[in-house]
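Here the protein sequences line up with chains Y and H, keeping their order. Okay, so the first sequence: first residue is 1 according to UniProt numbering, each after it adds one. Okay, so the second sequence: first residue is 1 according to UniProt numbering, each after it adds one.
Source of the hints: derived by calculation from the structure; they are not laboratory data. Virtual Cβ for every residue (Gly too), placed ideally from N, Cα, C. Hints should not be assumed to be uniformly reliable.
[Stated by the list, open to error] Pairwise CB distance ranges (calculated):
| no. | chain 1 | residue 1 | chain 2 | residue 2 | range |
| --- | --- | --- | --- | --- | --- |
| 1 | H | HIS782 | Y | ALA205 | 54 to 60 Å |
| 2 | H | ASP122 | Y | SER150 | 28 to 34 Å |
| 3 | H | GLU532 | Y | ALA205 | 32 to 38 Å |
| 4 | Y | ARG72 | H | HIS782 | 49 to 55 Å |
| 5 | H | ASP122 | Y | PRO204 | 31 to 37 Å |
[Said to hold, decoys possible] DMTMM-like cross-link-like pairs, simulated, lysine to aspartate or glutamate; straight-line CA separation at most 20 Å:
| no. | chain 1 | residue 1 | chain 2 | residue 2 |
| --- | --- | --- | --- | --- |
| 6 | Y | LYS112 | Y | GLU71 |
| 7 | Y | LYS230 | H | ASP525 |
| 8 | Y | LYS230 | H | GLU537 |
| 9 | H | LYS699 | Y | GLU65 |
| 10 | H | LYS261 | H | ASP336 |
| 11 | H | LYS132 | H | GLU153 |
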Amino acid sequence: MSVAKLEAADGAFATRLAGADVVFRVSGALWLPGERMLVVADLHLEKGSAYAARGQLLPPYDTRETLNRLEREIATLAPRSVVLLGDTLHDHGASARIAPDERARLAALAEKLRLIWVAGNHDPDGAGDLGGETAQVIKVAGLSLRHEPSPGPADGEVSGHLHPCARISGPAGSIRRRCFASDGSRLILPAFGAYAGGLNLRDPAFTGLFRAPPTGYLLARRVAAVAYEKMRPDHRSPAG
Amino acid sequence: MAKPLRIATSETDPTRQLPPLFQDWFVKRGWALRAHQLGMIDKAKAGADVLLVAPTGGGKTLSGFLPSLIDLAERGPREGRQSLHTLYISPLKALAVDVERNLLTPVREMDLPIVVESRTGDTGQARRQRQKVAPPDILLTTPEQLALFCAWEGARDYFQDLECVIIDEIHAIHGSKRGDLLSLGLARLRTFAPGVRCVGLSATVDDPTRVRRWLSDRGDDIVLGQAGAPAQVEVLLSENRVPWAGHTAQHAMAEVYETIKTARTTLVFVNTRWQAEFAFQELWRLNEDNLPIALHHGSLSAEQRRKVEAAMSRQELRAVVCTSTLDLGIDWGAVDLVIQLAAPKGASRLVQRIGRANHRLDEASRAVLVPASRFEMLECQAAVEAVAENALDGDPPRTGARDVLAQHIMGCACSEPFDLVELYEEVRRAAPYAGLSWEAFEQVVDFVSTGGYALRSYDRFRRIIRGRDGRWRVLNEETARRHRMNVGVIVTAQTLNIRLPGRHGSGRKIGQAEEWYFEQLTPGDSFLFAGEIWRFEGVRGTDAIVTRSTEKEPRVPSWGGSKFALSTFLAKRVRRMMSDETSWSRLPHDVCEWLYAQKAHSSLPGEDDLLVETFSRGKRHYMVCYPFEGRLAHATLAMLVTRRLDRAGVGPIGYLANDYALCVWSLRPMDSLDFDALFQQDMLGDDLEAWLDESFMVKRAFKECALISGLIERRMPGHEKNGRQVTFSADLIYDTLRRHDPDHLLLSCAREDAARGLLDLARLGELLARISGRIRVERLRHVSPFAVPLLMEIGKERAPGTSAADMMLEDAALIGEAMS
């Protein structure tokens with residue numbers, strides 16, 4: 001299939017999840033080629049300004065950067081619909097702080113394609129006045145898309161919320177990267193937002209969610225599959 | 001402090017110039033006032049700022065304090081308002097405490113009405129509070145505490161009657177970010193107390209006038225101490241052959257042990273803590289006489305270090321293996337020998353270390369250098385000759401870091417409202433910032449206030465605000481409190497506590513080490529720490545859990561070279577020595593043989609040119625060059641050259657850089673390259689820019705700048721105890737900032753720091769200029785004698801799983817090829 005070829009060139013990783021064709025993008029987005037649907041989780045827009053309001057003046061470019069990434073994926077893949085899988089906004093005040101320019105870019109997206117906001121714990125109201133539809137759960141291609149993973153193994157579930165990342169080490173030191181986490185039956189997406197931190201896949205928060213130790217699909221120059229045994233725990237509390 | 005001399009009673013005895021009380025005390029102790037001590041008293045009488053330059057053991061600290069003691073004794077018991085008379089600042093916490101102890105002796109023996117106290121990060125909350133309300137006459141503290149003082153409300157009142165500020169070990173601090181912060185603090189003190197006298201105490205430095213200018217812009221007074229007897233420094237010539245490569249000096253350890261036996265107390269200096277561990281273990285393996293030999297380095301727990309220091313001052317130890325943690329500070333009169341294991345990397349560092357032996361001016365210090373490899377043999381010989389000529393290496397010139405300035409400005413705003421122009425004038429009185437432009441200053445203030453972003457969306461979130469009176473003040477008390485929690489510029493690598501398992505979780509702490517070290521360990525691995533072999537059990541939170549191991553050899557070796565790069569000055573001497581055959585007679589036979597073989601098979605690097613060798617070995621092609629400009633500059637050069645080789649189509653696979661040379665290996669031959677073009681200076685243009693942008697070194701520098709400038713807070717209220725808490729990932733910020741605000745202040749700070757500290761760009765620039773048009777290429781049929789050490793290092797880095805026997809066979813084959 002031509003799409004698969006295109007994605008291989010992009011360094012993406014194509015596989016199957018609970019019977020559906022899925023593609024893990026280097027950007028951290030999930031592409032469902034059959035549905036022409038793009039899924040991104042945990043954008044945490046306006047995280048920078050949330051910190052700034054409390055006196056820590058992080059650079060105010062995170063929303064701009066995250067939207068750039070999203071628009072790049074949309075330009076490459078031409079999806080029919082885009083799912084924002086929850087925690088798209090960092091906090092309640094985010095939609096009030098978001099710059100007019102960036103608000104307009106979101107509205108333009110909602111005009112151009114079907115933009116669906118899945119409600120998250122940081123943004124229970126979903127789209128609010130930013131354009132697009134709001135949903136709690138989306139069922140598509142035999143998959144079930146929601147923000148928070150439901151407890152215990154859940155076949156065909158795609159979620160976000162936990163910001164998985166993995167650390168691997170070699171003689172030259174170690175690297176820590178965001179990753180897709182999947183055991184072939186359920187999938188947890190990496191955070192897509194520029195300022196979203198990561199939680200090590202070996203953290204207890206992931207315990208009990210998978211039937212088998214999950215593989216990590218690390219976002220590097222290409223998406224690299226790494227077995228659970230190869231991953232190392234963090235030595236400090238996760239940043240962000 | 002002062003050392004006994006013959007009691008002098010003649011009319012010309014300077015001791016007579018002291019007030020009677022002090023005269024009696026000197027006589028009772030059997031001391032005579034030294035010329036430089038008198039000099040310091042005279043300068044104080046004249047109200048002059050002054051720098052005292054004297055070798056260790058010259059009674060330097062007492063010289064600094066004498067005028068204050070005399071002044072306070074004459075003033076008599078305090079009445080009415082209590083105020084601070086003298087502030088003493090030392091870069092070492094331990095030194096502040098030690099000086100307190102030493103100062104109390106004259107105070108007690110002369111029954112002086114003087115209150116002396118110390119204040120460091122370890123001082124309890126109650127005592128700090130009391131010091132704030134009732135200041136002592138003399139307060140002994142650290143640069144970080146001064147920065148904290150400056151961020152207090154009421155700092156101006158506290159210091160307004162300050163008479164004197166003394167900066168000790170000024171040579172060790174003035175050329176660093178800590179020095180920048182201290183210099184800004186000094187400028188602040190001079191604003192609070194315009195009459196304050198600044199006194200600097202320094203060991204011998206190459207350029208005293210520069211250090212003097214750093215101290216203050218008032219006058220240029222310098223007092224020189226009496227030079228000590230010349231040091232006796234020798235290079236240890238081992239019975240065993242000098243190794244081709246390596247850092248441990250294992251071959252000479254038995255001789256080191258024998259040398260220790262000839263002295264009363266020995267300090268054994270090494271360059272890294274892992275070398276310290278190794279040497280300590282080796283010495284104890286040989287220690288048939290059960291000599292009390294101890295270990296001291298920065299990773300050991302403070303309690304353990306204190307124990308060693310205490311045993312040392314009770315003169316119970318015969319030797320201490322130590323790192324730069326003992327370069328400075330506490331006087332141990334009993335040390336009569338210093339051994340430097342592996343090359344010292346700089347003449348000044350060597351002098352400083354030699355000075356640790358024998359704090360008496362009338363006896364020569366004795367020191368022995370133990371080179372760990374052949375190149376180090378050349379370096380040690382050059383260092384010994386430099387010390388004999390009293391030639392020291394200088395520090396590169398430095399301008400004050402703007403991330404440090406940002407922290408200082410925020411501190412000022414937390415203390416009291418400031419006027420922008422007044423603060424600008426004050427800041428420029430700090431020597432590192434003398435050349436700061438108004439625009440640059442305003443940019444830093446804007447950064448402190450709004451983050452200084454091109455996108456002006458944070459004007460509503462200012463941290464400091466301009467009031468109607470035109471003065472700038474901190475937004476609120478909460479912001480000030482958070483700033484005070486994050487004062488200081490010491491950004492340490494993430495470390496883990498090394499602990500035994502306890503009944504409930506983690507047990508006793510043995511020490512700490514950098515996180516990266518544990519990343520290469522797998523549970524079950526054994527390693528060397530605090531002189532014992534431990535089994536690594538795993539990491540729990542911020543603890544690395546270990547148990548005692550029964551293994552005889554640690555399974556994970558911890559080799560690794562020096563953390564210091566070879567100084568420019570010493571490098572030049574090494575090159576000169578190599579090109580001057582007549583000087584070889586001072587070298588051991590096997591090293592001479594090696595030099596002659598290099599001359600016969602290839603050629604020797606000249607004093608001012610660059611020797612490049614190409615040869616093939618196995619399926620690989622090698623290029624080795626010998627600039628002798630230090631590890632950092634070489635690594636940068638290797639990185640840039642590799643990019644060019646890649647474009648030239650030779651398929652470079654890897655590179656290696658050490659203090660003396662660098663080596664690149666590739667898939668295709670390199671002998672027909674245009675080497676003049678390859679090493680052309682323009683590589684510092686676009687190639688450098690392109691590489692810098694993706695370099696992890698700039699990222700690392702950025703993180704430090706972000707922490708120092710306050711962009712990222714290390715500590716948040718509620719996390720006081722956990723100094724490791726970093727609230728946000730610096731890498732995420734770096735990537736975003738680079739893309740959207742490439743001219744931001746902190747990016748430029750990070751690039752500057754990386755260029756200066758991590759990449760040594762200035763030195764690389766000088767190197768490329770020096771060798772331009774002077775590149776000598778030797779196209780060889782096989783590996784040269786000089787290239788052997790590098791190829792051995794490559795072997796060790798590449799194949800950690802290879803058995804020791806395989807490695808020795810490989811090394812032997814290499815040497816055979818090179819020397820045949």
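Here is how each hint holds up against the structure:
The hinted range of 54 to 60 Å is satisfied by HIS782 (chain H) and ALA205 (chain Y), whose Cβ atoms lie roughly 58 Å apart. For the pair ASP122 (chain H) and SER150 (chain Y), the beta carbons lie near 50 Å from each other, so the given range of 28 to 34 Å is not met. Range check, GLU532 (chain H) to ALA205 (chain Y): Cβ separation about 36 Å, and the 32 to 38 Å hint holds. In this structure, ARG72 (chain Y) and HIS782 (chain H) meet the distance hint of 49 to 55 Å, their C-beta atoms being roughly 52 Å apart.
Separated by about 35 Å at the C-beta atoms, ASP122 (chain H) and PRO204 (chain Y) satisfy the suggested range of 31 to 37 Å. Distance hint between LYS112 (chain Y) and GLU71 (chain Y) is fulfilled; the C-alpha atoms sit about 12 Å from each other, no more than 20 Å. For the hint pairing LYS230 (chain Y) with ASP525 (chain H), the CA-to-CA distance comes to about 17 Å; that is within 20 Å, so the pair holds. Straight-line distance between C-alpha atoms of LYS230 (chain Y) and GLU537 (chain H) comes to about 17 Å, which keeps the hinted pair within the 20 Å bound.
Between LYS699 (chain H) and GLU65 (chain Y) the CA atoms are separated by roughly 19 Å; this keeps the pair inside 20 Å, and the hint holds. Using a Cα cut-off of 20 Å, the hinted pair LYS261 (chain H) and ASP336 (chain H) holds, with the two alpha carbons roughly 12 Å apart. About 11 Å separates the Cα atoms of LYS132 (chain H) and GLU153 (chain H), which keeps this hinted pair within 20 Å; it holds.
Checked against the numbered hints above, the structure breaks only hint 2 and satisfies the rest.
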